[in-house]
Amino acid sequence: MEWETVIGLEVHAQLATKSKIFSGASTQFGELPNTTACAIDLGFPGVLPVLNLEAVVMAIKFGLGIEATIPHQSVFARKNYFYPDLPKGYQISQFELPVVKRGFIDIVLDKDTTKRINITRAHLEEDAGKSLHENWSAQTGIDLNRAGIPLLEIVSEPEMRSSKEAVAYLKAIHTLVRYLDICDGNMQEGSFRCDANVSVRPRGQTAFGTRTELKNINSFRYVERAIQVEVERQINLLEEGGKIIQETRLYDPDKNETRTMRAKEEANDYRYFPDPDLLPLVITDEWIASIRQTLPELPQQKLKRLIDQYGLSAYDATILTSSKEMAAFYETAVSASNQPKLAANWIISELLGALNKANLDITTSPVSALELGKLVSYIADNILSGKLAKIVLEALWEKEGDIDTIIAKRGLKQITDTATIEKMVDDLIVAHPEQVAAYRAGKEKLFGFFVGQAMKSSNGAINPEQLNQILKQKLA
Amino acid sequence: MHQKTIAALSQALHSKAISSVELTQLFIKRIKQFDQQLNSFITLSEVHALQMAKTADKLRADGKATALTGIPIAQKDIFCTAGIKTSCASKMLDNFIAPYDATVIKKFAEAGMVMIGKTNMDEFAMGSSTENSYYGPTKNPWQTDCVPGGSSGGSAAAIAARLVPAATGTDTGGSIRQPAALCGVTGIKPTYGRVSRFGMIAFASSLDQGGPIAKTAEDCALLLEAMAGFDERDSTSVDRTVPNYAATLNDSIQGRRIGIPKEYFSNDLDPIVSKTIMEAVKEYEKLGAIIKEVELPHTLLAGPAYYVIAPAECSSNLARYDGVRYGYRCHNPRDLQDLYQRSRNEAFGHEVKRRIMIGAYVLSAGYYDAYYLKAQKIRRLIRDDFEKAFQTVDVILGPTTPTPAFKHGEKVNDPISMYLADLYTISVNLAGLPAISIPAGFINQLPIGMQLIGNLFDESKLLNIAHAYQKVTTWHEASPEGF
Numbered sequence: 001m002e003w004e005t006v007i008g009l010e011v012h013a014q015l016a017t018k019s020k021i022f023s024g025a026s027t028q029f030g031e032l033p034n035t036t037a038c039a040i041d042l043g044f045p046g047v048l049p050v051l052n053l054e055a056v057v058m059a060i061k062f063g064l065g066i067e068a069t070i071p072h073q074s075v076f077a078r079k080n081y082f083y084p085d086l087p088k089g090y091q092i093s094q095f096e097l098p099v100v101k102r103g104f105i106d107i108v109l110d111k112d113t114t115k116r117i118n119i120t121r122a123h124l125e126e127d128a129g130k131s132l133h134e135n136w137s138a139q140t141g142i143d144l145n146r147a148g149i150p151l152l153e154i155v156s157e158p159e160m161r162s163s164k165e166a167v168a169y170l171k172a173i174h175t176l177v178r179y180l181d182i183c184d185g186n187m188q189e190g191s192f193r194c195d196a197n198v199s200v201r202p203r204g205q206t207a208f209g210t211r212t213e214l215k216n217i218n219s220f221r222y223v224e225r226a227i228q229v230e231v232e233r234q235i236n237l238l239e240e241g242g243k244i245i246q247e248t249r250l251y252d253p254d255k256n257e258t259r260t261m262r263a264k265e266e267a268n269d270y271r272y273f274p275d276p277d278l279l280p281l282v283i284t285d286e287w288i289a290s291i292r293q294t295l296p297e298l299p300q301q302k303l304k305r306l307i308d309q310y311g312l313s314a315y316d317a318t319i320l321t322s323s324k325e326m327a328a329f330y331e332t333a334v335s336a337s338n339q340p341k342l343a344a345n346w347i348i349s350e351l352l353g354a355l356n357k358a359n360l361d362i363t364t365s366p367v368s369a370l371e372l373g374k375l376v377s378y379i380a381d382n383i384l385s386g387k388l389a390k391i392v393l394e395a396l397w398e399k400e401g402d403i404d405t406i407i408a409k410r411g412l413k414q415i416t417d418t419a420t421i422e423k424m425v426d427d428l429i430v431a432h433p434e435q436v437a438a439y440r441a442g443k444e445k446l447f448g449f450f451v452g453q454a455m456k457s458s459n460g461a462i463n464p465e466q467l468n469q470i471l472k473q474k475l476a
Numbered sequence: 001m002h003q004k005t006i007a008a009l010s011q012a013l014h015s016k017a018i019s020s021v022e023l024t025q026l027f028i029k030r031i032k033q034f035d036q037q038l039n040s041f042i043t044l045s046e047v048h049a050l051q052m053a054k055t056a057d058k059l060r061a062d063g064k065a066t067a068l069t070g071i072p073i074a075q076k077d078i079f080c081t082a083g084i085k086t087s088c089a090s091k092m093l094d095n096f097i098a099p100y101d102a103t104v105i106k107k108f109a110e111a112g113m114v115m116i117g118k119t120n121m122d123e124f125a126m127g128s129s130t131e132n133s134y135y136g137p138t139k140n141p142w143q144t145d146c147v148p149g150g151s152s153g154g155s156a157a158a159i160a161a162r163l164v165p166a167a168t169g170t171d172t173g174g175s176i177r178q179p180a181a182l183c184g185v186t187g188i189k190p191t192y193g194r195v196s197r198f199g200m201i202a203f204a205s206s207l208d209q210g211g212p213i214a215k216t217a218e219d220c221a222l223l224l225e226a227m228a229g230f231d232e233r234d235s236t237s238v239d240r241t242v243p244n245y246a247a248t249l250n251d252s253i254q255g256r257r258i259g260i261p262k263e264y265f266s267n268d269l270d271p272i273v274s275k276t277i278m279e280a281v282k283e284y285e286k287l288g289a290i291i292k293e294v295e296l297p298h299t300l301l302a303g304p305a306y307y308v309i310a311p312a313e314c315s316s317n318l319a320r321y322d323g324v325r326y327g328y329r330c331h332n333p334r335d336l337q338d339l340y341q342r343s344r345n346e347a348f349g350h351e352v353k354r355r356i357m358i359g360a361y362v363l364s365a366g367y368y369d370a371y372y373l374k375a376q377k378i379r380r381l382i383r384d385d386f387e388k389a390f391q392t393v394d395v396i397l398g399p400t401t402p403t404p405a406f407k408h409g410e411k412v413n414d415p416i417s418m419y420l421a422d423l424y425t426i427s428v429n430l431a432g433l434p435a436i437s438i439p440a441g442f443i444n445q446l447p448i449g450m451q452l453i454g455n456l457f458d459e460s461k462l463l464n465i466a467h468a469y470q471k472v473t474t475w476h477e478a479s480p481e482g483f
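Protein sequences, first through last, are from chains A and B.
Heads up, the first sequence is in our numbering, so the first residue is 1 and it goes up one at a time.
Heads up, the second sequence is in our numbering, so the first residue is 1 and it goes up one at a time.
Simulated from the structure, these hints should not be mistaken for lab results.
Certain hints may be false.
Output of the computed footprint for chain B on chain A, the stretches with three or more beta carbons under 8 Å from beta carbons of chain B [said to hold, decoys possible]:
hint: 1; region: 49-60
hint: 2; region: 305-317
Listed below are the simulated DSS-like cross-link pairs for lysine-lysine, each with C-alpha atoms no more than 25 Å apart in a straight line [what the hints assert, rightly or not]:
hint: 3; chain 1: A; residue 1: Lys79; chain 2: B; residue 2: Lys353
hint: 4; chain 1: A; residue 1: Lys399; chain 2: A; residue 2: Lys357
hint: 5; chain 1: A; residue 1: Lys324; chain 2: A; residue 2: Lys171
hint: 6; chain 1: A; residue 1: Lys324; chain 2: A; residue 2: Lys164
hint: 7; chain 1: B; residue 1: Lys85; chain 2: B; residue 2: Lys29
hint: 8; chain 1: B; residue 1: Lys377; chain 2: A; residue 2: Lys79
hint: 9; chain 1: B; residue 1: Lys85; chain 2: A; residue 2: Lys79
hint: 10; chain 1: B; residue 1: Lys58; chain 2: B; residue 2: Lys106
hint: 11; chain 1: A; residue 1: Lys409; chain 2: A; residue 2: Lys443
Note that CB positions come from ideal geometry on N, CA and C, so glycine has one too.
Bound-form chain B, shown alone (with noise of 0.2 Å):
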């Protein structure tokens, strides 16, 4: 049953194969017998998830179900949910419980899904490994003394995982791309203000974007299309309707083109990564998709230009956490600044630290102008770029990640070469497209993940020309052994 995906799930409910709240045991079964080898999760919410489960199988007793109801999801701690923590991963949070829930997901629950709990991840969204968690590390399941990838490891890892068969995470540079490519899974981040941010803890407010990780692109349509829509709470949100996904997936790919950016696969990538999105790129060609040839000119400004504007919107974005009115307090402060202090330097972590910091220097008078000034200039340049290429194809493919996953600590104290695991992705975020990652192979058995870019409010055909891959492709069926 933990390896069937939402659509079949959502059959074996229809059909009266299963209860929800069989089904919804069944997987916090799984996690309490797994996940203290992965540590995806941060909290399970067993009570709250069997009462949902209860009242999903009422709604389909009443025939008021949907495709999602009944199904259990796990939630990346950044949401926020009202009654149970909700920590980011931090110490700073570790006490808070919100009194609100997140748009999103009051969306699930509305389309009757089961939270099952919240997911691991890198403090404040801020890390491509799920090392830098107040809670520990999550392990890749494929490999368990490698990272999964973050900030949305957690999320992606317990799919991998079969621990629950969907997930939110949220991207903000490749926080749901870079985990569901290294952990075998797939993961799409949806154009900018397709999905509320409102109740989504805050990194970059203007690159911060929710979206799903599941098996399949399939699943993923379908849970999209619940968390998608305007939201009154999020001015940045857009009014536009949100299509039915799933309908046209099995659309046919005849002559859509797709472009292959040469700076995507420049000397610096892994050969072998290389070798295996090719091969990829040959299977679209059979599905008689045209490959074209496009350029990113300014690909190699999207890093500098992104650790610029995320640390400065995070710096300000961080500032409420300041031990006055919820949150973290150090004890005995001496005065007001002590309070700050120490509140925040005993709570925050290293990574957090370092990008409040950059992004104040950044921001700082005198040096506006020429680092977040410029970045937004470089930001334009790199929207302009993919602008021009989306006129001579419907997607642009790539390897999502320019390796596989890498060591727990391998990378720790190398924040540069950290950074560089998000050189394909970031570039996405700048320019507020949707892309997803799918399975595209394994290298010594670690999961190898392709990204599909889309033009602003593409994800129909992203998710129709990713899911015309899975149905002649296996790699996303795949699951590491042992779980």
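Isolated chain A (complex conformation) (with noise of 0.2 Å):
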């Protein structure tokens, strides 16, 4: 049988906010355990939560970057569970009346593919603590230094079909949050976080299947392996004549499996219920219109002004608008070279692999956008080869200094002077009586030989254009 995939993400954003949602301990991360936490967070008698406007200014941004309806009234709920990291016994969050409905974004899948995927809501809610039960014997040691930092969670329409659109959705989210300055993104530090329910169906059938739901993957890495595996124990499953059970799993990335992490059964009934301590969160089209003016130029919409503008691939585009800084650097390259495609090509080609290669990213590229678009110029004008920039950019890598010092330094200004090119390919002919023998006999594939000897001896140096039509002719 064929299967199809389905997959919704939940993500969880941890807003970049000053201060807790409802107190006004800092959210500074790594501090020593329970020294960000307040009265408020550590959920003592008779205290009482104060919204952050902040963090609503920032769920707001998140709601007209994917072209939300944004509620004039929403309204905060209790989530009711016991556990200890939980200070209060419930978390304040949103149930009914979030403050984000229905929005979209479009996900670039290859080339030139790109999905909708539609946002059934995000809403605000407080982080829980942690439980450390690494170092304790027998015991459990909490932290609440993260209890009361603002979230946002993003739920999507279950409408991805595979673990690559999943990992694309998430992309996705994660540049927009940090386009946004709403969310720094970091999933080491958990300020990113994604659950992920998931579901096979027979191809054809409308309705879903049971699903699963897969526990705090992350990286990105981890999501598509994540929904990978569970994709597969799903259809092995079915096929040998089982059942999906709906449950919570978790994800080891050590053994690449999910495991059973609690049954539907054992999950909590949560008693939702309107918090009293809070009135309802009312939100005027005045204050909206001002967070809008704020806004800055969306992924979405710098990706469609790249396309645009610069004749981009969807694909490169995506790539190019990745981060804020990411499109900066590209557009400081244009505008130092003027070559849109060319700079998108070296960029994306060369320095982004080497930039991964070495743990780095383009806010820590040792090769700036300007020397990058200068290079690229140089290529451009037939200064440089490509082989040659190639050398001149692993230089400017090594903090050699600048491209004309390297140039001149290593000598490796292109050739484009005719009759040194000539001097060089008539030398070339005396050495090789032989392939220019065959080559005249009609052994065309000899051609290359000539082209690689003259790269050699010149380091590849010589205008390549140049080269092959004077080859051509002197070999005629």
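Need the complex rebuilt from these two chains, each delivered in its own frame; the hints are there to steer you.
This is the structure in structure tokens:
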């Protein structure tokens, strides 16, 4: 049977506010345990939550970024359950009336395929603390520094059909929240987390299969792998005649498998009800309009502009708009070179590869956007061949100086003087009489041999077009 | 001196007839002398009080005294006090010392009042008799085999026995007014949002409201003005100017329209209580008020709605008492479940457990709509009843309770009959309205309270109308013998 995968994602983005969502305590990461938690975060008797409007502004920004509906009134609700790192015995969240309703984001799958993923809702809530099981024998340490950090929970429709789509969606959301400056996107520190609802069904069937929820898969790679292994598990189970149980499963990246965390029967009845300590959150059109004015160019807008303005493919444009910094780097390189396509190619295929290998990103690139732009313009102006340019790029990376110094010092300038090239070709013909004869006898494949020899003897400095032309002439 | 009102004591302090330190010592002496009979205090903060009294005397010497500076006050043990135990009358918080002051505590301190101690109450304010206290029941000073009402029974009993001239209470379903009525003192529950709830331990957040208990409406006016006001730490407090309540106390009530809801005078009402209240109505007629009958058709639904909403909120509010961070923790818990279950089972009393269970039940999946949502709809209807009534009258008058104080133990095993003691008070909380209870007579030496209910933020009008009655009657001046 042919199976179809159905995936919906729940993303938890920690909002980058200075203080917590319902208290004045700091949100600084990495402080000593329980030093950034105040009486409100600790759920002391008699304390009350007061909503941090900075978190609301960020939620509205996100809503605008996905072209969502922002209701004039939303309501905070209590989600009741007992857990040691949940100080009040309930989490303040939003249930029936979230701050953001019905939006979408377009994801780019490959070269020129895009797909719209609808977003059901996004709501504000407080994060819980952390239970620390390591370093304690038969005890659990509780760190409540994280308790009360604002979260935006972003819930997609179950519209993704492969782990690849899920990752593309997750990356698109990740890009958006960073463009909006509402989340630092740090997956390692847990400020951007993801749960996946996964099910399979026979292709053509409209009803959904039974889903499982994969918890806390904290890197793009793990999301892809976790979904893949879960889909395989479900298909194998179904094909063996088994049944999927609705449950929460945990992905183990070391064993690359998912395993049961808790079954649905064990799931809590959260007894949601409106939090009587907080008034309904009222958002006026004027407030939304004033926030709209502060929005930067969003990734989708930038993507569209890059395609229109520079003639890039959607795929390349997606890579170049994956972060604000990346897009700025690209546009600086373009304005320095006036070579949008060449600049895109060099950034995507050369620079990003090198950065990746060195575990760096565009913000820490040893080669600046202006340098890359100049390099690209030298290629366009035939001052450097592609091969030479790669050498120059490496030298720039190693901080050997500016481009002109590197070219001068290493003698890397492209040879474009016809007489010089003719002399080199003449020497080549004299040095390889057999190959010349064979070529002239019809073995045209040998043309590459002469090109190679010429490049080798000139360290790749000869302008390839001129070389081709002269070689053809002289070998004829 | 102990019979004097706050207004009179303030005068005595001002004329240097007595210092705050002397006044404080006088009341501390009375508490030590009489409270063994009453058990109205959980904590007596003598050292702290004398320090505050000294500060108050200095303020007065420096000419910085307000009307309340130097006056002793007892705080219900539900208001958090930095450095002094706040137990909420529960074993759960027997070891709890808050690192912060409730806003109400802070405001009284800023006014120069001297906190003398923390008063007894029903555990977590759940009850109508102050029998549900980990520290034992409080006795009614009028007849010590009777309850003082609750949950602010300690505060009301202490005022009645003249152990302190001022006290605070909190009122979720009548917890200020009912004990005030049963102890023959005056207590006002302000409009929801008038007084900050920050640092006031929550029972049912959408109903809880702090307020003063004292001998007279005039004293309540002074106290309320000090404790009321917007607090940025309480999102449900209302940003609205606090009027000078004392300034309008003596306004004429000529032409004021007083509504009598026929639903409050049904056959269930003790005929003597009914008669007593109708005599008070006659007094008002003499003062020039216009008496009108009003209808509050959904009155009988208030009880069922209240006993869904209040437990629902309480079940969630009390979830934080889990033995993890503060408060009671059971010995040697086997595992997490055991820690939760035994800590809560060993430290909460029966009534608290009963309400947590009811609350968890009415909020649970499948029952939410039938109970909680339905109760919220009833709440709306009750508010609409009052809104309609206040289109034709200024205040609504009736008994505070259907009967005078009952005997200790009489209703402990009959929660429903205990709940009925709140019959006239709970609809006021559901509607968020202000209401005051003032002494209006006696049955067999037990005080009867009259309740005046006002429209939202009409505390001035309530205090004015209550004060007008107290100017022509002496019920509020009576005090129990033996104290």
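Cross-check of the supplied hints:
1. 49-60: With 3 residues closer than 8 Å to chain B, the region 49-60 of chain A meets the three-residue bar; holds.
2. 305-317: violated (count 0)
3. Lys79/A x Lys353/B: 20 Å, holds
4. Lys399/A x Lys357/A: 18 Å, holds
5. Lys324/A x Lys171/A: Distance of about 13 Å is within 25 Å: holds.
6. Lys324/A x Lys164/A: With Cα atoms ~23 Å apart, Lys324/A and Lys164/A stay inside 25 Å; holds.
7. Lys85/B x Lys29/B: Holds, at roughly 21 Å.
8. Lys377/B x Lys79/A: 22 Å, holds
9. Lys85/B x Lys79/A: At roughly 30 Å apart (the allowed maximum being 25 Å), Lys79/A and Lys85/B break the hint.
10. Lys58/B x Lys106/B: 19 Å, holds
11. Lys409/A x Lys443/A: Distance ~40 Å between Lys409/A and Lys443/A Cα, so the pair is violated.
Hint compliance for this structure: hints 2, 9 and 11 are not met, and every other hint is.
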